[in-house]
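Counting from 1, position 259 in the sequence shown corresponds to residue 380 in the working numbering; the numbering is continuous, with no gaps.
Keep in mind that the hints were calculated from the coordinates and are not lab data.
Think of the CB as a built atom: it goes at the ideal place given N, C-alpha and C, for glycine as much as any other residue.
Mixed in with the good hints, there may be bad ones.
Stated by the list, open to error - Computed beta-carbon distance windows for the label pairs:
| hint | residue 1 | residue 2 | range |
| --- | --- | --- | --- |
| 1 | His392 | Ala124 | 37 to 47 Å |
| 2 | Pro139 | Ala169 | 34 to 44 Å |
| 3 | Pro139 | Gly283 | 45 to 55 Å |
| 4 | Leu373 | Gly149 | 47 to 57 Å |
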Amino acid sequence: MYALYTLIVGLLFYSLLPLLLLYVLITGRHREQLGERFGLYPALPKVAGKERIWLHAASVGEVQAARALITELRDLRPRAEFVVTTMTLHGRKVAERQLAPIPCRLAPLDVPGVVGRAVKKFDPDIYVCLETELWPLLLRKAASRGVRVVQLNGRLSAKAAGGYQRWRWFFRRVLASFTAMAVISESDRERYLALGADPSRLQVLGNVKYDLRLPEDPDRVREEFARTLAVDAQARVLVFGSTHGGEEELLLPLLRTLAEAGWLMVLAPRHLERLDALKRMLAAQGIAFDCFSRLRQGDRRRQPVVILDSLGELASLYSIADYVFCGGSMVPRHGHNLMEAAIWGKVVFFGPSMDDFHDAAQILEAAGGGFMVGGVDELRERILAFERHPESYRLACLRAGEAARAQLGAARSQAALVAGCLAG
122 MYALYTLIVG LLFYSLLPLL LLYVLITGRH REQLGERFGL YPALPKVAGK
172 ERIWLHAASV GEVQAARALI TELRDLRPRA EFVVTTMTLH GRKVAERQLA
222 PIPCRLAPLD VPGVVGRAVK KFDPDIYVCL ETELWPLLLR KAASRGVRVV
272 QLNGRLSAKA AGGYQRWRWF FRRVLASFTA MAVISESDRE RYLALGADPS
322 RLQVLGNVKY DLRLPEDPDR VREEFARTLA VDAQARVLVF GSTHGGEEEL
372 LLPLLRTLAE AGWLMVLAPR HLERLDALKR MLAAQGIAFD CFSRLRQGDR
422 RRQPVVILDS LGELASLYSI ADYVFCGGSM VPRHGHNLME AAIWGKVVFF
472 GPSMDDFHDA AQILEAAGGG FMVGGVDELR ERILAFERHP ESYRLACLRA
522 GEAARAQLGA ARSQAALVAG CLAG
């Protein structure tokens with residue numbers, strides 16, 4: 122069955138390759154580091170006596186999970202070395218910034234020839250994929266070369282499971298490549314079992330994305346952001362984190378109202394390639410703004426609205442927020458990681474679309490540290506109600522922090538699974 126799949130994928134890809142290359146040449150899209158997509162990586166000599174762990178992450182969220190896992194793995198396997206791949210260029214840039222000097226590359230295309238070249242070039246002892254990065258040819262090629270293959274932080278939504286179920290006869294063979302699998306919840310485990318995963322290789326070990334720790338010196342981080350944004354003790358700060366197109370338009374009335382009342386509004390778009398569109402939208406509405414990157418360079422903040430236009434800053438920026446709204450949830454983008462703000466002891470507001478982080482929403486709502494709002498009007502009323510009852514809000518923030526800290530330990534458990542596989 123794999124032979125037929127390999128033949129079909131190879132024929133389709135290589136027959137269309139001239140057109141794909143012409144598209145890249147004309148549009149310029151996907152041109153950056155294109156060679157890495159074909160497994161044309163620079164030499165990566167392996168240090169004698171060291172074991173190499175290849176961690177594959179889809180994008181920014183998985184990079185954060187990889188970072189936590191690497192910290193634990195360095196403790197458990199001190200002689201291990203790492204290489205990280207990402208699916209997105211954005212994810213790679215964040216990885217290069219946060220994981221240096223670990224080599225960070227773009228993932229190879231899952232096509233015949235390319236995956237074999239990538240596995241040979243990296244020469245890992247173990248390949249670790251995060252979440253649902255089930256690339257059939259890469260998994261098969263790695264396993265066939267004697268590389269241990271592990272899935273960590275596995276998740277499988279009901280919708281995705283339904284799609285995979287139609288091809289169960291094939292994905293049962295894909296899952297057989299795994300030496301071990303760690304999934305987030307019992308629901309994920311049941312869905313993987315329904316696809317044919319081996320129950321003896323499958324464990325529920327929690328969510329690494331929620332296993333978050335504050336920086337070693339959180340007060341210094343707060344002071345640095347407060348200084349950069351010219352925030353004093355009397356200021357009120359509302360951070361809109363990981364927002365999407367269509368969502369910012371919905372939030373504009375609240376942003377305008379609170380900005381006119383003297384609050385600091387921070388807009389952090391999920392995708393930085395949307396920055397120009399966001400700036401044009403604010404300018405068209407007559408809303409003046411500063412860019413965070415300019416403030417970092419020493420400019421003084423003059424406007425009540427700031428656009429976060431730099432990579433990897435949002436999780437730390439939550440440290441100075443009085444209120445947080447997590448984006449991708451008021452439009453159907455399935456939400457983002459609420460725990461990044463909650464770990465700072467911040468109540469998190471979010472919209473109805475939280476499919477990808479439904480468990481985090483449930484945890485915070487049950488603790489009284491997170492609140493789903495049906496729209497912008499309800500978000501405004503919730504914030505103003507807490508402004509009138511500061512002691513209630515203080516207690517809600519304490520509950521949010523406690524709920525986030527209760528998730529600690531997943532990274533250690535999953536790293537121990539990898540260490541066990543390496544030890545044989």
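Going through the hints against the structure:
For the pair His392 and Ala124, the supplied restraint of 37 to 47 Å holds, since their beta-carbon distance comes to about 39 Å. Distance hint check: the CB atoms of Pro139 and Ala169 are about 42 Å apart, consistent with the given range 34 to 44 Å. Taking the beta carbon of each, Pro139 and Gly283 are about 36 Å apart, not inside 45 to 55 Å as hinted. Evaluation of the 47 to 57 Å hint for Leu373 and Gly149 yields a failure: the beta carbon distance comes to about 32 Å.
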